[in-house]
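Using my numbering, the first residue of the sequence shown is number 3, and each one after it goes up by one.
Just so you know, these hints were derived from the structure itself, not from any lab.
You may find that some hints are simply not true.
EDC-like mimics (lysine to aspartate or glutamate), calculated; alpha carbons at most 16 Å apart, straight line [unchecked claim]:
#, residue 1, residue 2
1, Lys-112, Glu-77
2, Lys-198, Asp-103
3, Lys-112, Glu-52
4, Lys-51, Asp-93
5, Lys-56, Asp-89
6, Lys-198, Asp-218
7, Lys-104, Asp-220
The calculated label-pair distances, taken between Cβ atoms and stated as ranges, are [claimed, not checked]:
#, residue 1, residue 2, range
8, Ser-28, Glu-234, 23 to 31 Å
9, Asn-88, Thr-66, 16 to 24 Å
10, Asp-218, Asn-92, 29 to 37 Å
11, Asn-92, Ile-183, 38 to 46 Å
From the three backbone atoms N, C-alpha and C, an ideal C-beta is built for every residue, glycine too.
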Amino acid sequence: MRRILTFITLFILLSLSVNSADYDGSKQTSGVVIILEGNSATLTLDGEKEVTLKVERINGKVVTSSVDGRSLVMEIGQEREYDLDNDGTNDAYMVLNNVIDKLVSFRIQKLVTPTSAEETVTAEETVTAGEEIVEEEATEEEETEVKVEDTTSNEVTGAVAGAIGGISKWVIVGVIVVIIIIVLAFVIGGGDNAEKNYEKAMDLHREGQEFHYDGDDDTAKELYEKAGELREKARNMEGGF
């Protein structure tokens with residue numbers, strides 16, 4: 003039974019895995035990274051060059067970290083722009099969300115460069131100008147064709163949006179199933195140690211924050227409570243630390 007649960011857990015985790023980095027700016031604008039004191043997370047802005055964010059030590063509400071050896075000291079709630087890839091330009095917006103026991107939660111958001119913003123504005127202006135010219139030159143027959151195309155486009159867009167929404171729901175259900183299976187595997191398998199419990203609490207807390215940002219506070223609360231139980235169990239195994 004224990005081996006079967008282990009294989010199922012590994013299979014689902016590998017199926018849902020998107021990338022090796024904890025935060026990938028090429029695939030997500032922002033994300034939450036939770037790190038256990040003394041451990042590290044991998045960050046990348048372009049999906050290729052990776053840097054390491056390590057939590058060196060926790061002193062109350064002050065966290066001392068390092069990014070590829072460069073020191074980073076922040077307090078809870080502090081916001082800071084940071085040069086993650088050390089190219090002389092701030093490229094990430096970092097917020098120290100919270101510190102719970104030995105767990106540190108960071109929110110990381112990729113900054114949009116002025117060049118990208120200017121290109122976006124220019125593209126929007128070009129599209130607007132083109133639409134005005136077409137509207138001035140279009141005949142009544144052409145305008146009717148445009149309306150038909152717009153209606154078809156809206157129907158296709160609605161169908162695609164519905165499909166994506168359905169997939170997202172299944173992904174959330176899959177994540178919840180993974181969490182339940184992992185909990186069962188640990189309970190049945192036994193042999194837990196403090197480090198494993200802290201790591202599991204870290205995963206549950208990360209999932210809880212993602213549900214919180216998605217507006218599902220009930221699920222987030224349940225995950226936070228489970229994470230708290232695991233942290234309490236880990237402290238008991240360490241002799242009440």
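Structure-based check of all given hints:
Taking the CA atoms of Lys-112 and Glu-77, the gap is about 20 Å. The hint is violated against a cut of 16 Å. Of the supplied pair hints, the one linking Lys-198 and Asp-103 holds, its CA atoms being roughly 15 Å apart against a limit of 16 Å. Distance restraint check for Lys-112 and Glu-52: the Cα-Cα separation of roughly 14 Å lies within the 16 Å cut-off, and the hinted pair is therefore satisfied. Under the criterion of a C-alpha separation no larger than 16 Å, the hint pairing Lys-51 with Asp-93 is consistent with the structure, at around 13 Å.
Of the pairs offered as hints, the one joining Lys-56 and Asp-89 is violated, with about 19 Å between alpha carbons and a cut-off of 16 Å exceeded. Between Lys-198 and Asp-218, the direct Cα distance comes to roughly 27 Å. Violation of the 16 Å bound is thereby established for this hinted pair. Simply put, Lys-104 and Asp-220 have alpha-carbon atoms about 24 Å apart, too far for the 16 Å limit, and the pair is violated. Checked against the hint of 23 to 31 Å, the C-beta distance between Ser-28 and Glu-234 comes to roughly 38 Å, which is inconsistent with it.
Checked against the hint of 16 to 24 Å, the C-beta distance between Asn-88 and Thr-66 comes to roughly 19 Å, which is consistent with it. Taking the beta carbon of each, Asp-218 and Asn-92 are about 32 Å apart, inside 29 to 37 Å as hinted. Taken as a hint, the range 38 to 46 Å holds for the pair Asn-92 and Ile-183, whose Cβ atoms sit roughly 41 Å apart.
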